[in-house]
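Novice: Sequence:
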Amino acid sequence: MSLKSMLRRLRGVSVAVLFGSLLGLSQPATVDAASPPIAGAISGGGPALSALRYDLTITSFDGTPIAVTVFQPALSKGQAAPLLMYSHGWGGSRSTDLSESDSLTATARKAWENGYFVMTFDQRGFGESGGRANVQDPQIEGRDIKTLLDWAEGALTPHLAYLRGDPLVGGIGLSYGGGFQLIGASVDPRFDALVPMITWNDLSYSLTPGTVPKTLWLTFLSAIAINDQAPWVTQAYAQSLGGSVDESTRQRLAGHGLGAFCGANAPRVDAFIIQGINDTLFNGNEAVWNYNCLREAGNDAYLLMSDGGHVLPGLQIGQIGSVAAQVRCGEQDYQVADLAYGFLDGKLRKLQQRIEMPRVCFTQGNEHGVVGDEVMRGGQRFAAQSGSLLVGPPSIDLVLNLLRKLDPVTLSDVLSRISADAVRVLLGALSGIGSGSPDQVTKILTELVTTLPPHLIAELGTAPRFVPLYQASGEQTLAGIPLADLKVEGLGKLDPRLFVGIGVKRMGSGRTELLNDQVLPLRGVGSRQTELIAVSTRLNHGDQVGLMLYGFHPQYTLSFSRVPSAVQLSGTVELPLR
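Going by the numbering used here, the letters in the sequence shown line up with residues 11 to 588, in that order.
Please note: incorrect hints may appear among the correct ones.
[Claimed, not checked] Each computed EDC-like pair below joins lysine to aspartate or glutamate, with the alpha-carbon atoms no more than 20 angstroms apart:
| # | residue 1 | residue 2 |
| --- | --- | --- |
| 1 | LYS503 | GLU123 |
| 2 | LYS87 | GLU123 |
| 3 | LYS453 | ASP407 |
[Unchecked claim] What follows is a set of in silico ranges between Cβ atoms, one per label pair, in the way DEER data are often shown:
| # | residue 1 | residue 2 | range |
| --- | --- | --- | --- |
| 4 | GLY73 | TRP242 | 16 to 22 angstroms |
| 5 | LEU410 | HIS551 | 42 to 48 angstroms |
| 6 | ALA393 | LEU421 | 35 to 41 angstroms |
| 7 | GLY220 | SER60 | 52 to 58 angstroms |
| 8 | GLU485 | THR67 | 27 to 33 angstroms |
| 9 | LEU66 | LYS415 | 25 to 31 angstroms |
| 10 | ASP176 | GLY552 | 53 to 59 angstroms |
| 11 | ARG278 | PRO57 | 30 to 36 angstroms |
| 12 | LEU413 | GLU541 | 35 to 41 angstroms |
Source of the hints: derived by calculation from the structure; they are not laboratory data. Don't be surprised by glycine CBs; every beta carbon is placed ideally from N, CA and C.
Let the hints inform the model, and build the full structure from the sequences given.
Specialist: This is how it looks when you write it as structure tokens:
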């Protein structure tokens, strides 16, 4: 499967993973009881309608054509229908027949079959729409959403459902299709209920955490949209290949997510947030931030976290954009499509202030999930001391060993697509003439990252240092956001970069695993207090939990320390143990 076809799968894959790490609660599970409806009758309705679908193009504020498919429900005389807006992931296109088998499309199809208008659309720059993608700029894509809602109010009246003069509007979609909902609701108050799946809070954190670019993800994402994205997006990607992105670009990215509106400007909209704990593009912390942002503003929000999300092809197990269709929360199994539809129908037709579903759920595989009202941040505190650790690029020998694994045809193809200078250094090292300087290795990696098969890129990772923190004395759950107070010592002028995750050494197996494939870069030296990336797992007697420290990690293929050097890490880590 090609890179583009893999990433286009993001249009709509089932996800259900209540990201609620709350493990400090005394009760084993909580489920909110359904509340009485909001006062006020739904208005709207006209002559009876037959079910049909039709395509059209709507001209946005700046003349850009936006391609749309409208699914008109069968309605009896006088029956009013809420509107559900549904869109795709980055590089994808709209569903034109709602025939896909994923959870979100199943939810949209059920809504259409049960009396909802459903509008699917190609976002700016993708599918049959015009323009270039600006990554959910509130002043561009946000205004596209306003335009679509204006059209709906004009064209779907009198059948469109209203509550006290306001149209009843919901949103659904994953990844980039989650982004349109959160930005749309932040700039337009007509949204009432959202189901954003595996999406972001702050793109500057998503793509450049700690000012360290996720170069492998940036390479994948840019590859599928190189002709569809705005020039400034392409320029930002080009910057990232050098291991940094300028502050003005990071600030621009930060403005393209819900995080830019939290506090006094937070939207008034209820939401069911679904996230993948293995998502290395938009990790679980971002879902928690979205959940907290909406809850603190007085909205009725729910959070589900399970396996899956954006996974790197070849580096992680699973299909890109795929999340569980069925989850266990507390003592009950749920179909994600049922949860999503129940939430939307409860908000848009039954007008319930609360929905009968878990408020927050963290799943651990298919057979366990903890539920509660809040996400657990921190917990038991443990001391950490790394000793001396080397950070920097992988050696030229490691690169050569990877190339030796290629069959002659693939090797020839790889070498034909890199520069003559890179080939000369590789051949010299192979023959023992030279070993390649750090700068030469950097240039070679920059070229190889777009040509090597993904499974070989995974092997570029250096062996991690495991720093033990805690040993389980029985069955436990580790789920939530670890907190760290750490000090990195080394030569600051060399701009060292250390990659930190939470690992578990399983009793009896001798195997150490990086939990949920999550690592966070720490750039430079000095002290810092930070969230580590959210994790979720079951622990058995004898399992040992610790820090996993990397001097180089393939998720950040080109964002390593340019000059090899030694660093030491010390401090404390709080683990969300239950």
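Novice: If a hint holds in the structure, say so; if it doesn't, say that too.
Specialist: Evaluated hints:
no.: 1; hint: LYS503 / GLU123; verdict: 62 angstroms, violated
no.: 2; hint: LYS87 / GLU123; verdict: 16 angstroms, holds
no.: 3; hint: LYS453 / ASP407; verdict: 15 angstroms, holds
no.: 4; hint: GLY73 / TRP242: 16 to 22 angstroms; verdict: 20 angstroms, holds
no.: 5; hint: LEU410 / HIS551: 42 to 48 angstroms; verdict: 43 angstroms, holds
no.: 6; hint: ALA393 / LEU421: 35 to 41 angstroms; verdict: 47 angstroms, violated
no.: 7; hint: GLY220 / SER60: 52 to 58 angstroms; verdict: 55 angstroms, holds
no.: 8; hint: GLU485 / THR67: 27 to 33 angstroms; verdict: 57 angstroms, violated
no.: 9; hint: LEU66 / LYS415: 25 to 31 angstroms; verdict: 52 angstroms, violated
no.: 10; hint: ASP176 / GLY552: 53 to 59 angstroms; verdict: 57 angstroms, holds
no.: 11; hint: ARG278 / PRO57: 30 to 36 angstroms; verdict: 33 angstroms, holds
no.: 12; hint: LEU413 / GLU541: 35 to 41 angstroms; verdict: 38 angstroms, holds
The structure fails to meet hints 1, 6, 8, 9 from the earlier list, while all remaining hints are met.
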